[in-house]
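Student: Residue-level listing of the chains:
2 protein chains.
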Amino acid sequence: MSNQIIKEKILQAVEILNEKNIDMWITFVRETKVTKDPMIDMIVGEHSTWQSAFIINRDGETAAIVGSIEEENIVKTGLFQKVIGYVKSVKEPLLEYLNDKNPKSIAINYSKNSVLSDGLTYGMYLLLNDYLEGTEFKNRLVSAEEIISALRGRKSDSELSIMKEAITETLKIFDAVTKFIKPGLTEKDVAEYVKKIMKEKGFQPAWDEETCPAVFTGPNPASAHSGPTDRKIEKGHLVNMDFGIKYKGYCSDLQRTWYVLRDGETKAPAEVQKGFEVIRDAIQKVADAIKPGVTGVEMDDIARNYITDQGYPEYPHGLGHQVGREVHDGGAGLFPRWERYGNTPFMKLEERQVFTIEPRLPVEGFGVATIEEEVVITRDGCEFLSPPQKELILIK
Amino acid sequence: MSNQIIKEKILQAVEILNEKNIDMWITFVRETKVTKDPMIDMIVGEHSTWQSAFIINRDGETAAIVGSIEEENIVKTGLFQKVIGYVKSVKEPLLEYLNDKNPKSIAINYSKNSVLSDGLTYGMYLLLNDYLEGTEFKNRLVSAEEIISALRGRKSDSELSIMKEAITETLKIFDAVTKFIKPGLTEKDVAEYVKKIMKEKGFQPAWDEETCPAVFTGPNPASAHSGPTDRKIEKGHLVNMDFGIKYKGYCSDLQRTWYVLRDGETKAPAEVQKGFEVIRDAIQKVADAIKPGVTGVEMDDIARNYITDQGYPEYPHGLGHQVGREVHDGGAGLFPRWERYGNTPFMKLEERQVFTIEPRLPVEGFGVATIEEEVVITRDGCEFLSPPQKELILIK
Numbered sequence: 001m002s003n004q005i006i007k008e009k010i011l012q013a014v015e016i017l018n019e020k021n022i023d024m025w026i027t028f029v030r031e032t033k034v035t036k037d038p039m040i041d042m043i044v045g046e047h048s049t050w051q052s053a054f055i056i057n058r059d060g061e062t063a064a065i066v067g068s069i070e071e072e073n074i075v076k077t078g079l080f081q082k083v084i085g086y087v088k089s090v091k092e093p094l095l096e097y098l099n100d101k102n103p104k105s106i107a108i109n110y111s112k113n114s115v116l117s118d119g120l121t122y123g124m125y126l127l128l129n130d131y132l133e134g135t136e137f138k139n140r141l142v143s144a145e146e147i148i149s150a151l152r153g154r155k156s157d158s159e160l161s162i163m164k165e166a167i168t169e170t171l172k173i174f175d176a177v178t179k180f181i182k183p184g185l186t187e188k189d190v191a192e193y194v195k196k197i198m199k200e201k202g203f204q205p206a207w208d209e210e211t212c213p214a215v216f217t218g219p220n221p222a223s224a225h226s227g228p229t230d231r232k233i234e235k236g237h238l239v240n241m242d243f244g245i246k247y248k249g250y251c252s253d254l255q256r257t258w259y260v261l262r263d264g265e266t267k268a269p270a271e272v273q274k275g276f277e278v279i280r281d282a283i284q285k286v287a288d289a290i291k292p293g294v295t296g297v298e299m300d301d302i303a304r305n306y307i308t309d310q311g312y313p314e315y316p317h318g319l320g321h322q323v324g325r326e327v328h329d330g331g332a333g334l335f336p337r338w339e340r341y342g343n344t345p346f347m348k349l350e351e352r353q354v355f356t357i358e359p360r361l362p363v364e365g366f367g368v369a370t371i372e373e374e375v376v377i378t379r380d381g382c383e384f385l386s387p388p389q390k391e392l393i394l395i396k
Numbered sequence: 001m002s003n004q005i006i007k008e009k010i011l012q013a014v015e016i017l018n019e020k021n022i023d024m025w026i027t028f029v030r031e032t033k034v035t036k037d038p039m040i041d042m043i044v045g046e047h048s049t050w051q052s053a054f055i056i057n058r059d060g061e062t063a064a065i066v067g068s069i070e071e072e073n074i075v076k077t078g079l080f081q082k083v084i085g086y087v088k089s090v091k092e093p094l095l096e097y098l099n100d101k102n103p104k105s106i107a108i109n110y111s112k113n114s115v116l117s118d119g120l121t122y123g124m125y126l127l128l129n130d131y132l133e134g135t136e137f138k139n140r141l142v143s144a145e146e147i148i149s150a151l152r153g154r155k156s157d158s159e160l161s162i163m164k165e166a167i168t169e170t171l172k173i174f175d176a177v178t179k180f181i182k183p184g185l186t187e188k189d190v191a192e193y194v195k196k197i198m199k200e201k202g203f204q205p206a207w208d209e210e211t212c213p214a215v216f217t218g219p220n221p222a223s224a225h226s227g228p229t230d231r232k233i234e235k236g237h238l239v240n241m242d243f244g245i246k247y248k249g250y251c252s253d254l255q256r257t258w259y260v261l262r263d264g265e266t267k268a269p270a271e272v273q274k275g276f277e278v279i280r281d282a283i284q285k286v287a288d289a290i291k292p293g294v295t296g297v298e299m300d301d302i303a304r305n306y307i308t309d310q311g312y313p314e315y316p317h318g319l320g321h322q323v324g325r326e327v328h329d330g331g332a333g334l335f336p337r338w339e340r341y342g343n344t345p346f347m348k349l350e351e352r353q354v355f356t357i358e359p360r361l362p363v364e365g366f367g368v369a370t371i372e373e374e375v376v377i378t379r380d381g382c383e384f385l386s387p388p389q390k391e392l393i394l395i396k
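Line by line, the protein sequences are chains A and B.
Position 349 of the first sequence, counted from 1, bears residue number 349 in the UniProt record's numbering, the numbering being contiguous throughout.
Position 13 of the second sequence, counted from 1, bears residue number 13 in the UniProt record's numbering, the numbering being contiguous throughout.
Some hints could be false.
What the hints assert, rightly or not - Dumping the calculated DSSO-like pairs for lysine-lysine here, alpha-carbon to alpha-carbon at most 30 Å: (1) B:LYS164 to B:LYS196; (2) B:LYS199 to A:LYS36; (3) A:LYS248 to B:LYS188; (4) A:LYS390 to A:LYS201; (5) A:LYS199 to A:LYS172; (6) A:LYS33 to B:LYS188; (7) B:LYS76 to A:LYS246; (8) B:LYS199 to B:LYS164; (9) B:LYS33 to A:LYS164; (10) A:LYS201 to B:LYS36; (11) A:LYS232 to A:LYS36; (12) A:LYS172 to A:LYS248; (13) A:LYS179 to A:LYS199; (14) B:LYS33 to A:LYS36; (15) B:LYS291 to B:LYS33; (16) B:LYS82 to B:LYS104; (17) A:LYS91 to A:LYS20; (18) B:LYS76 to A:LYS195; (19) A:LYS348 to B:LYS33; (20) A:LYS91 to B:LYS248; (21) A:LYS188 to A:LYS112; (22) B:LYS199 to A:LYS248; (23) A:LYS232 to A:LYS274; (24) A:LYS112 to B:LYS91; (25) A:LYS248 to B:LYS7; (26) B:LYS112 to A:LYS101; (27) A:LYS172 to B:LYS88; (28) B:LYS267 to B:LYS199; (29) A:LYS196 to B:LYS199; (30) B:LYS235 to B:LYS172; (31) A:LYS82 to B:LYS172; (32) B:LYS274 to B:LYS112; (33) B:LYS348 to B:LYS7; (34) B:LYS112 to A:LYS33; (35) B:LYS36 to A:LYS112; (36) A:LYS199 to A:LYS164; (37) B:LYS246 to B:LYS267.
Just so you know, these hints were derived from the structure itself, not from any lab.
Work out the full structure: start from the sequences and follow the hints.
Tutor: Printed below as a string of structure tokens:
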């Protein structure tokens, strides 16, 4: 991850600390090549061997307390105003720094809800408490969850431009698939073709290679989270692909739907066209309503209700999720009020969060109509990160 | 990692639970693609998304409690006698299982000392405690550190055979370097040559690519943990390389020393030859003494004292470390009584542990003499995992 982005994220973190009224945030790690706190890539970008504390303060000061062998590496990043190297133990320099700053609240990376905010191991938590034993600071530790979900959610300018590049590269591969698809090819053939292009371009899949890309053709395809099968593409099939890449540390996640014309057809049958348009319009309705302050469940309701009102079954998953360094990133999601989603459907959406919008519906006898777009929340609405699919793509 | 090895490790874990008098060991994880407990690769080999408990019992029973979406994957591994899938929460099936087994002690993966035993995050620790609230089990949690260091240290037959293959492949690359080295090439040239071979063979470096391989030529080279420089190999230089690969999930870690003959020389000068022999003999003295029950500090003393008795300065690091899936693996090490090594120099060595032996000494005006071998502790001694370097390699 380039230092430019890390610098932007550290500045954002300072804003967030002020907004959340927290004085200090410590990311406390060791041997990050073995066990890595998910935040290290976002705010440090270097590995640590000995116990290291990466500190961001509400007053804007940044400090790193690291083993002497890594001091120079960290100085080189230019990210931390104070780089304090130690030989014996991190304890003394850490206490010295805390006494100097005297923070009233100290956020550390643990969370019951969010794995991305839960990078602190229990052993390291115990060590930190040993070091703070007998000081006031021990009672000032709080969870960094709200800092981290805000920081990961609110994309910086550089993050957004990289995510747009990732989407552009991804759509080029969808275009190649449009030219490649023909009756007789299997779902696996299409997936292999995509993997070949990825390999040529040196792209990593955004999620497991078994299901990235996921390719579905025809009626009653495998469930949304299965890998490609030997099922053959036939005339009269709806074909979809769910696919994304990891690009400069950021993920893309898109879906497109194709229809394979039958002999004599020049357009899709009416019911196929309608199914596609219901999905397309559901996405637009959400895009028209989404903005800072609304909740994800409200957005899910809009799409879910519109689709069921048109006489289709509801999609068996959430409407959309945040995307970032992880394909499922951040806290809030465009989720229904289902227990497994916890409180995430009810969190207010914020400017600069990037969400997928990905409803689906089955068209009896033809297959599944589905589109997945990515939008970024703007001050008063949202912006598609790429031109949305407005028309069914016809395969002759 | 092949299931065969995982099966061997699970059987070893059962023995160790009996030996350590612990009833149950739970590896409790979630979203292992984001934050991975270092033990997952060794005892599961699959990713988890929802909260999952992988359980090994002293009575030999193995169980996995996993999200329903992953149940089939885990069943397929054939590693767990009971695979319990859940939809709502891991809590109920976990409590049911605990009530059924009623373990008197439950080891979980946390440790202040060992990062490899510290895969449980603090948030997951809190969740586990929430689930156990009001039960006796909450007070029966203990650290799995002694289980994990024994399990990682004691290599199974399959692990040893893979580690030998890794070493064989590594030595082939050292042999290629012997043919490649010539005056005028820089340390970086040699490193690039090694990286080219690794790329062709699809090998990963055993540690950071900046310092793997590490190449040193001539007098007063960069410190042992620096990367290759533009310094040129010259006639009359001692040249060394510290290098290892990651092969089928396991690391190798070896060093060899070459001498570049000066015009008219047919062998190395006496002081170079002596320096090399002192290192070679120091390693053999340790190999003669090392066996189960001795401590690492005793082994370090043997090499360190022998080298200083010969009038050379002591090496500025430990004599050796364990190797496994991580290049620095296991608990005990062949370390001096320096504070930063904690209790690891004083742990008794065990059969099947694999250690490096890597002393070094400077030869004034020529460079560094150093060799690194890997040995496995046997019932009554040790065995070199590859033929040790007995002669200085001469470059004409």
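Student: Now tell me if each hint is right for this structure.
Tutor: So, going through the hints one by one against the coordinates:
1. B:LYS164 to B:LYS196: The hint holds at about 22 Å.
2. B:LYS199 to A:LYS36: At roughly 26 Å apart (the allowed maximum being 30 Å), LYS36 of chain A and LYS199 of chain B satisfy the hint.
3. A:LYS248 to B:LYS188: It holds: about 27 Å lies between the C-alpha atoms, which stays within 30 Å.
4. A:LYS390 to A:LYS201: Holds, at about 28 Å.
5. A:LYS199 to A:LYS172: The hint holds at about 14 Å.
6. A:LYS33 to B:LYS188: Distance ~24 Å between LYS33 of chain A and LYS188 of chain B Cα, so the pair holds.
7. B:LYS76 to A:LYS246: holds (29 Å)
8. B:LYS199 to B:LYS164: holds (20 Å)
9. B:LYS33 to A:LYS164: The given pair, whose Cα atoms are some 24 Å apart, holds under the 30 Å limit.
10. A:LYS201 to B:LYS36: Holds. LYS201 of chain A to LYS36 of chain B sits at ~28 Å (cutoff 30 Å).
11. A:LYS232 to A:LYS36: violated (42 Å)
12. A:LYS172 to A:LYS248: holds (17 Å)
13. A:LYS179 to A:LYS199: Given that 30 Å is the threshold and the Cα spacing comes to 19 Å, the pair holds.
14. B:LYS33 to A:LYS36: holds (11 Å)
15. B:LYS291 to B:LYS33: violated (39 Å)
16. B:LYS82 to B:LYS104: holds (20 Å)
17. A:LYS91 to A:LYS20: holds (27 Å)
18. B:LYS76 to A:LYS195: Distance ~25 Å between LYS76 of chain B and LYS195 of chain A Cα, so the pair holds.
19. A:LYS348 to B:LYS33: holds (27 Å)
20. A:LYS91 to B:LYS248: This hinted pair is violated, its Cα atoms lying about 38 Å apart.
21. A:LYS188 to A:LYS112: The hint is violated at about 38 Å.
22. B:LYS199 to A:LYS248: holds (22 Å)
23. A:LYS232 to A:LYS274: The given pair, whose Cα atoms are some 24 Å apart, holds under the 30 Å limit.
24. A:LYS112 to B:LYS91: Measuring from Cα to Cα gives roughly 14 Å; hence the hint holds.
25. A:LYS248 to B:LYS7: The given pair, whose Cα atoms are some 38 Å apart, is violated under the 30 Å limit.
26. B:LYS112 to A:LYS101: holds (26 Å)
27. A:LYS172 to B:LYS88: violated (40 Å)
28. B:LYS267 to B:LYS199: violated (34 Å)
29. A:LYS196 to B:LYS199: holds (19 Å)
30. B:LYS235 to B:LYS172: The hint holds at about 24 Å.
31. A:LYS82 to B:LYS172: violated (46 Å)
32. B:LYS274 to B:LYS112: violated (43 Å)
33. B:LYS348 to B:LYS7: At roughly 26 Å apart (the allowed maximum being 30 Å), LYS7 of chain B and LYS348 of chain B satisfy the hint.
34. B:LYS112 to A:LYS33: holds (17 Å)
35. B:LYS36 to A:LYS112: This hinted pair holds, its Cα atoms lying about 16 Å apart.
36. A:LYS199 to A:LYS164: holds (21 Å)
37. B:LYS246 to B:LYS267: violated (35 Å)
Hint violations for this structure: numbers 11, 15, 20, 21, 25, 27, 28, 31, 32, 37, all remaining hints satisfied.
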